[in-house]
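Undergrad: Given next are the chains, with one letter for each unit.
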Amino acid sequence: MKRTIIAILALAFLCSGLGLAQAKHPSELKYPALTYEPPDPKAFRTVYAGGIRAYVQEDRSLPLFNISAVFNCGDLYVPKDKAGLGRVLADQLIKGGTTTKDGTAIEERIDFLGGSLNFMVGERTSTLSLSVLTKDLDEGLALFFDVLRNPAFREDPLKLAKARMVEQLRQANDNPSMVLNREYEKLLYGDNALTWQPAKATYESVTAADLKAFHAKYFTPKNVILAVAGDFSKAALKAKIEKLAAGWKGGAPVFPALPKGFPAPEPGVYFIQKAINQGYISLGHLGLEDTNPDYFAVQVMNFILGGGSFTSRITTKVRSDEGLSYNQGSRFAYRWGFPGTFSGYVQTKSSTVGYAISLILAEFDRIRREPVSDAEMETAINFYIESFADAFQSPIQTMSSFANLEMTGKPMDYPKTFRSRIQAVTKASVQEVAQKYVHPDQAVIMIVGDFEPCNKGGDKWPGPLDKLGKLHRIALIDPMTGQEMKTP
Amino acid sequence: MKQRILVLALAAAVLTAFALAGDVTLDVKEHVLGNGMKILMIPKPGVPRVVCHVYFKVGSINERPGITGSAHVHEHLMFKGTEVMGVTDYAAESKIDAEIDRLMGLVYREKFWKENGDAAKIAAWQKQVDELVAAQKAYIIKDDLWTQYMKNGGTGLNASTSQETTGYYVTLPSNKVELQMLMESDRMMNARFREFYSEKDVIMEERRLSENQPGYLFGEQVDAAFFTASPYHWDVIGWMDDLRKMTKEDLVEFHNTFYVPNNAVAIYVGDFDPKAVLALAEKYFGRIPKGPDLEPIRTGVPAQYSEKRFSGEGPAPTSLRMMFHVPPDGHADTAALGVLAATLGSGGGGGFRGGMGGGGGTGRLYKTLVRDKQMAVSASASSRPQWYVGAFQFNATPRLDKGVKPEDLEKEIWAEIEKIKKEGLTEDEIQKAKNRGEAAFVRSLASTSGLASRVGRAELKRGWRSILTDLDDLKKVTNDDVKRVAAKYFVKDNSLTAIYTRKSGR
Numbered sequence: 001m002k003r004t005i006i007a008i009l010a011l012a013f014l015c016s017g018l019g020l021a022q023a024k025h026p027s028e029l030k031y032p033a034l035t036y037e038p039p040d041p042k043a044f045r046t047v048y049a050g051g052i053r054a055y056v057q058e059d060r061s062l063p064l065f066n067i068s069a070v071f072n073c074g075d076l077y078v079p080k081d082k083a084g085l086g087r088v089l090a091d092q093l094i095k096g097g098t099t100t101k102d103g104t105a106i107e108e109r110i111d112f113l114g115g116s117l118n119f120m121v122g123e124r125t126s127t128l129s130l131s132v133l134t135k136d137l138d139e140g141l142a143l144f145f146d147v148l149r150n151p152a153f154r155e156d157p158l159k160l161a162k163a164r165m166v167e168q169l170r171q172a173n174d175n176p177s178m179v180l181n182r183e184y185e186k187l188l189y190g191d192n193a194l195t196w197q198p199a200k201a202t203y204e205s206v207t208a209a210d211l212k213a214f215h216a217k218y219f220t221p222k223n224v225i226l227a228v229a230g231d232f233s234k235a236a237l238k239a240k241i242e243k244l245a246a247g248w249k250g251g252a253p254v255f256p257a258l259p260k261g262f263p264a265p266e267p268g269v270y271f272i273q274k275a276i277n278q279g280y281i282s283l284g285h286l287g288l289e290d291t292n293p294d295y296f297a298v299q300v301m302n303f304i305l306g307g308g309s310f311t312s313r314i315t316t317k318v319r320s321d322e323g324l325s326y327n328q329g330s331r332f333a334y335r336w337g338f339p340g341t342f343s344g345y346v347q348t349k350s351s352t353v354g355y356a357i358s359l360i361l362a363e364f365d366r367i368r369r370e371p372v373s374d375a376e377m378e379t380a381i382n383f384y385i386e387s388f389a390d391a392f393q394s395p396i397q398t399m400s401s402f403a404n405l406e407m408t409g410k411p412m413d414y415p416k417t418f419r420s421r422i423q424a425v426t427k428a429s430v431q432e433v434a435q436k437y438v439h440p441d442q443a444v445i446m447i448v449g450d451f452e453p454c455n456k457g458g459d460k461w462p463g464p465l466d467k468l469g470k471l472h473r474i475a476l477i478d479p480m481t482g483q484e485m486k487t488p
Numbered sequence: 001m002k003q004r005i006l007v008l009a010l011a012a013a014v015l016t017a018f019a020l021a022g023d024v025t026l027d028v029k030e031h032v033l034g035n036g037m038k039i040l041m042i043p044k045p046g047v048p049r050v051v052c053h054v055y056f057k058v059g060s061i062n063e064r065p066g067i068t069g070s071a072h073v074h075e076h077l078m079f080k081g082t083e084v085m086g087v088t089d090y091a092a093e094s095k096i097d098a099e100i101d102r103l104m105g106l107v108y109r110e111k112f113w114k115e116n117g118d119a120a121k122i123a124a125w126q127k128q129v130d131e132l133v134a135a136q137k138a139y140i141i142k143d144d145l146w147t148q149y150m151k152n153g154g155t156g157l158n159a160s161t162s163q164e165t166t167g168y169y170v171t172l173p174s175n176k177v178e179l180q181m182l183m184e185s186d187r188m189m190n191a192r193f194r195e196f197y198s199e200k201d202v203i204m205e206e207r208r209l210s211e212n213q214p215g216y217l218f219g220e221q222v223d224a225a226f227f228t229a230s231p232y233h234w235d236v237i238g239w240m241d242d243l244r245k246m247t248k249e250d251l252v253e254f255h256n257t258f259y260v261p262n263n264a265v266a267i268y269v270g271d272f273d274p275k276a277v278l279a280l281a282e283k284y285f286g287r288i289p290k291g292p293d294l295e296p297i298r299t300g301v302p303a304q305y306s307e308k309r310f311s312g313e314g315p316a317p318t319s320l321r322m323m324f325h326v327p328p329d330g331h332a333d334t335a336a337l338g339v340l341a342a343t344l345g346s347g348g349g350g351g352f353r354g355g356m357g358g359g360g361g362t363g364r365l366y367k368t369l370v371r372d373k374q375m376a377v378s379a380s381a382s383s384r385p386q387w388y389v390g391a392f393q394f395n396a397t398p399r400l401d402k403g404v405k406p407e408d409l410e411k412e413i414w415a416e417i418e419k420i421k422k423e424g425l426t427e428d429e430i431q432k433a434k435n436r437g438e439a440a441f442v443r444s445l446a447s448t449s450g451l452a453s454r455v456g457r458a459e460l461k462r463g464w465r466s467i468l469t470d471l472d473d474l475k476k477v478t479n480d481d482v483k484r485v486a487a488k489y490f491v492k493d494n495s496l497t498a499i500y501t502r503k504s505g506r
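These protein sequences, in sequence, are chains L and X. So the first sequence is numbered by the working numbering: it starts at 1 and just counts up by one. So the second sequence is numbered by the working numbering: it starts at 1 and just counts up by one.
Don't take each hint at face value.
Unchecked claim - Lysine-lysine pairs mimicking BS3-like chemistry, simulated, CA-CA at most 25 Å apart:
id, chain 1, residue 1, chain 2, residue 2
1, L, Lys135, X, Lys475
2, L, Lys200, X, Lys402
3, X, Lys373, L, Lys200
4, L, Lys24, X, Lys121
5, L, Lys101, X, Lys373
6, L, Lys317, X, Lys127
7, X, Lys434, L, Lys135
8, L, Lys159, X, Lys248
9, X, Lys419, X, Lys405
10, X, Lys121, L, Lys460
11, L, Lys24, X, Lys402
12, X, Lys127, L, Lys101
13, L, Lys317, X, Lys402
14, X, Lys142, L, Lys349
15, X, Lys137, L, Lys24
16, X, Lys275, L, Lys30
17, L, Lys234, X, Lys44
18, X, Lys137, L, Lys317
19, L, Lys349, X, Lys111
20, X, Lys476, L, Lys135
21, L, Lys460, X, Lys111
22, L, Lys30, X, Lys142
23, L, Lys460, X, Lys137
24, L, Lys349, X, Lys248
25, X, Lys503, L, Lys349
26, X, Lys44, L, Lys135
27, X, Lys127, L, Lys456
28, X, Lys503, L, Lys200
29, L, Lys159, X, Lys44
30, L, Lys349, X, Lys127
31, X, Lys475, L, Lys460
32, X, Lys127, L, Lys460
33, L, Lys24, X, Lys483
Said to hold, decoys possible - Reference listing, derived: stretches of chain X covered by chain L, where coverage requires no fewer than 3 residues with Cβ under 8 Å from a Cβ of chain L:
id, stretch
34, 42-51
35, 167-175
36, 205-215
37, 366-374
For the record, the hints were derived by calculation from the structure and aren't laboratory data. Because the structure is a prediction, the values reported are computed rather than measured. Here a beta-carbon is modelled for each residue, glycine too, at the ideal position from N, C-alpha and C.
Kindly generate the complete structure, drawing on both the sequences and the hints.
TA: Here it is as structure tokens:
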């Protein structure tokens with residue numbers, strides 16, 4: 001309400017400026033004040049009977065109903081000899097049918113209603129999502145809970161899914177960026193649940209009993225958070241959900257031990273041969289967790305280094321100045337419960353692979369050595385603060401992000417404190433975190449490309465590539481067997 | 001004062017149009033500026049953000065051999081500044097830029113016009129150019145427009161070029177819409193394509209990225225073979241030869257022809273007051289002079305009179321693609337073809353990527369070829385009406401573990417087609433397609449940038465109301481329509497069949 005009044009005042013101010021002359025340059029523009037307070041997770045949180053936690057927002061603007069169930073459950077809890085179970089589960093929770101309906105009947109019905117029902121299995125969270133028109137709320141919600149509580153994992157659809165997934169393994173080495181991402185993570189995290197890949201044998205070993213046991217263990221009322229938004233009344237929805245969840249049993253699961261103690265790979269060049277006309281490159285090392293107090297300074301630092309698109313140094317140098325690439329930059333990836341990765345990345349024609357890498361390494365070095373400029377700080381901080389409201393445009397996305405915050409144990413005042421914590425970042429803290437989290441001397445440089453032309457280089461950076469560090473050639477894995485392929 | 005009265009009078013003339021689909025309205029406020037530029041507004045009170053998009057009725061179909069890819073190259077150059085943006089001293093910088101262009105003109109003639117150009121001359125000119133580029137850098141403010149948007153909280157910042165349209169996107173805080181009006185109108189009038197030559201290098205890298213996607217090169221050839229004469233013949237990225245040889249003059253001519261207000265739509269979706277936004281539109285976009293009227297595309301698709309077959313090998317999955325010529329967007333048969341695609345395809349090709357599960361298993365081809373006969377890993381159908389020439393497409397990948405070949409799937413798909421010609425679809429299938437179309441429409445209203453994109457683009461061709469009339473047309477489709485269009489378009493002489501086999505190599 002407060003915000004609405006301010007917005008109206010702002011518009012009045014805007015209108016009063018109509019008679020003014022046209023501005024020629026953005027620096028001449030004066031903007032009316034605008035304040036925005038993010039929604040408070042507490043205002044939407046509720047606990048249904050049986051201890052089911054939920055974030056719920058009524059949104060009557062359209063006759064739509066959206067619900068998601070986020071479980072603490074994912075690929076990381078799958079043993080090595082069953083790698084791929086998560087993908088099979090993602091497909092079979094719905095297609096495998098329930099105790100009373102077969103999978104096709106469920107899919108047909110949802111489709112007939114013009115709705116959608118999807119299940120996604122991630123690293124440590126899995127999400128079942130339903131979207132239907134309000135008129136179909138009751139039927140949709142009943143199907144949603146049926147799938148969630150009573151999956152039957154029938155044999156025929158399971159057999160078909162496994163056969164299709166084994167067939168799709170043939171594509172595992174086709175796409176250069178998929179190969180790069182997979183092998184880069186393997187190098188940084190080593191051999192554990194974070195990097196295990198399915199093969200023919202592991203897919204084939206997944207049984208209906210495995211899926212049932214996995215489901216029984218993790219799909220419990222204590223291990224789920226719901227996110228709901230749409231055209232309903234909270235009270236009526238509560239009654240419906242409590243009815244559908246009545247008798248749902250199961251406590252908080254005991255989770256398998258998570259991987260820890262990652263290898264420190266030898267810095268240098270790691271080359272994977274593929275007959276293409278560019279090198280696909282990632283260079284970096286492990287990063288940090290987003291619960292680290294340095295997170296905000298790291299975000300600002302990386303925005304300036306290579307995360308802020310055209311305003312960032314790597315894009316300016318590698319793309320805009322030199323014309324070496326279309327896609328380049330740096331990123332900190334975050335994972336729940338583990339340090340994520342820090343990487344510079346670029347794809348460039350074979351002859352400029354070495355040159356592009358050298359430019360990115362130079363930027364890694366510069367941001368450690370010199371303080372960033374006032375203008376760079378202003379752009380980065382203003383971007384985060386001025387664009388903040390963007391995250392709250394869609395009620396279901398907002399509810400889902402609250403559910404995920406709680407699920408992953410993040411502080412629930414994250415939205416409320418985000419802007420002040422970004423504002424508190426200084427030039428000194430940017431340089432400090434650059435020195436702490438960017439280590440060009442420890443970087444592994446992974447390249448997927450055609451070795452001869454990449455190694456030869458070009459005028460501005462003649463090869464060989466081992467000028468950048470010790471050269472390792474990596475053989476691809478045969479996706480069917482999971483064994484190294486013989487050809488280089 | 002005088003200006004203000006004018007503005008108020010214009011604001012009063014804004015048409016408010018309500019259009020109904022079921023119980024839900026699509027409410028677009030529309031206004032045409034004196035220079036022909038259209039302003040569309042969809043207010044959605046709530047979070048104080050405004051999606052601001054500008055669309056131009058130009059894309060790769062407006063190119064010709066020799067300048068393929070130029071619509072997209074031009075879109076990139078629109079970020080390189082104007083007389084006031086991206087430059088500290090325009091007078092000094094523009095002299096250097098003109099000299100770079102003159103020398104590069106000499107280089108291009110020597111390199112591209114002669115069979116044995118003088119390498120020494122080229123090297124000498126290139127050296128001079130390199131020095132000038134270095135000198136020019138002193139005056140260039142890198143990616144100024146992008147930085148201005150970012151530091152003012154711009155998100156969704158991008159531009160894209162398709163075969164038919166080009167769009168420029170940003171989402172801003174509600175109090176900063178004027179920034180978009182100022183910078184977009186400035187670059188429509190005063191774009192200066194500095195850094196042209198290095199940007200072409202960037203775009204050639206962009207093309208290589210596509211080339212390195214398994215199966216892209218084959219797909220590009222198949223499209224070229226299917227759209228023989230019409231300008232859908234080439235991909236939006238353009239042929240590498242043209243990217244290498246196109247000149248800045250080509251792009252300036254392109255800009256002056258197509259980037260005129262009477263060929264553009266600006267659309268705003270979000271939390272704003274339409275009167276205030278319209279006043280700003282008058283002030284900034286209203287100042288741009290109107291351009292000449294533009295002629296639609298001339299060349300359609302000539303009848304084939306014979307079946308086309310295409311085969312190739314490379315590093316992508318063995319697969320089958322079947323294409324049929326169908327009429328463009330807005331034709332009386334479009335809705336029935338859409339029902340056919342939804343019923344046959346229903347997303348049966350996807351479902352696995354990124355651990356996605358569920359859905360996608362209700363298409364006829366999935367049920368027959370993937371689930372029951374277990375001959376395909378995936379099988380799908382899609383209908384792309386496009387603006388001038390359409391294509392209906394089937395895609396399938398065979399179960400190699402069962403020894404199935406693409407040709408076997410081709411026979412199966414033809415059998416399904418022949419069945420539909422005789423029996424059509426079931427009432428249930430037709431109703432399902434209608435329900436899905438209607439629900440998808442309601443869902444589209446919940447988005448902001450998605451809605452802007454759909455309404456803005458629709459406005460360029462048949463007007464935004466076509467979104468609603470298309471929905472009405474969908475609701476009227478009968479089984480007789482389905483049988484009729486299947487018989488009319490699914491014939492060999494109207495088709496191209498492409499068979500791709502996995503082999504090593506490109």
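Undergrad: Take the stretch 42-51 of chain X, compare each residue's beta carbon with every beta carbon of chain L, and decide whether three or more fall closer than 8 Å.
TA: holds (count 6)
Undergrad: Does the structure keep Lys275 (chain X) and Lys30 (chain L) at a Cα separation of 25 Å or less?
TA: Between Lys275 (chain X) and Lys30 (chain L) the Cα gap is close to 19 Å, so the pair holds against 25 Å.
Undergrad: With a Cβ-Cβ cutoff of 8 Å, does the stretch 167-175 of chain X contain at least three residues near chain L?
TA: holds (count 4)
Undergrad: Would you mind confirming whether the straight-line C-alpha gap from Lys127 (chain X) to Lys456 (chain L) stays at or under 25 Å?
TA: 23 Å, holds
Undergrad: Is the hinted pair Lys349 (chain L) and Lys111 (chain X) satisfied, with a Cα-Cα distance of at most 25 Å?
TA: With Cα atoms ~21 Å apart, Lys349 (chain L) and Lys111 (chain X) stay inside 25 Å; holds.
Undergrad: Quickly compare the C-alpha distance for Lys475 (chain X) and Lys460 (chain L) to 25 Å and report which way the hint goes.
TA: Not OK: Lys475 (chain X) and Lys460 (chain L) at ~62 Å, beyond 25 Å, violated.
Undergrad: Do the alpha carbons of Lys419 (chain X) and Lys405 (chain X) lie within 25 Å of each other, as the hint requires?
TA: Distance of about 22 Å is within 25 Å: holds.
Undergrad: Does the alpha-carbon distance linking Lys24 (chain L) and Lys483 (chain X) stay inside the 25 Å limit?
TA: Between Lys24 (chain L) and Lys483 (chain X) the Cα gap is close to 60 Å, so the pair fails against 25 Å, i.e. violated.
Undergrad: Check whether the Cα positions of Lys101 (chain L) and Lys373 (chain X) lie no farther apart than 25 Å.
TA: Measuring from Cα to Cα gives roughly 22 Å; hence the hint holds.
Undergrad: For the pair we were handed, Lys200 (chain L) and Lys402 (chain X), check the Cα-Cα distance against 25 Å.
TA: 15 Å, holds
Undergrad: Do at least three Cβ atoms from the stretch 205-215 of chain X come closer than 8 Å to Cβ atoms of chain L?
TA: holds (count 8)
Undergrad: Taken at face value, is the distance from the CA of Lys135 (chain L) to the CA of Lys476 (chain X) at most 25 Å?
TA: This hinted pair holds, its Cα atoms lying about 22 Å apart.
Hints 4, 8, 11, 12, 13, 29, 31, 33, counting from the list given before, are not met by this structure.
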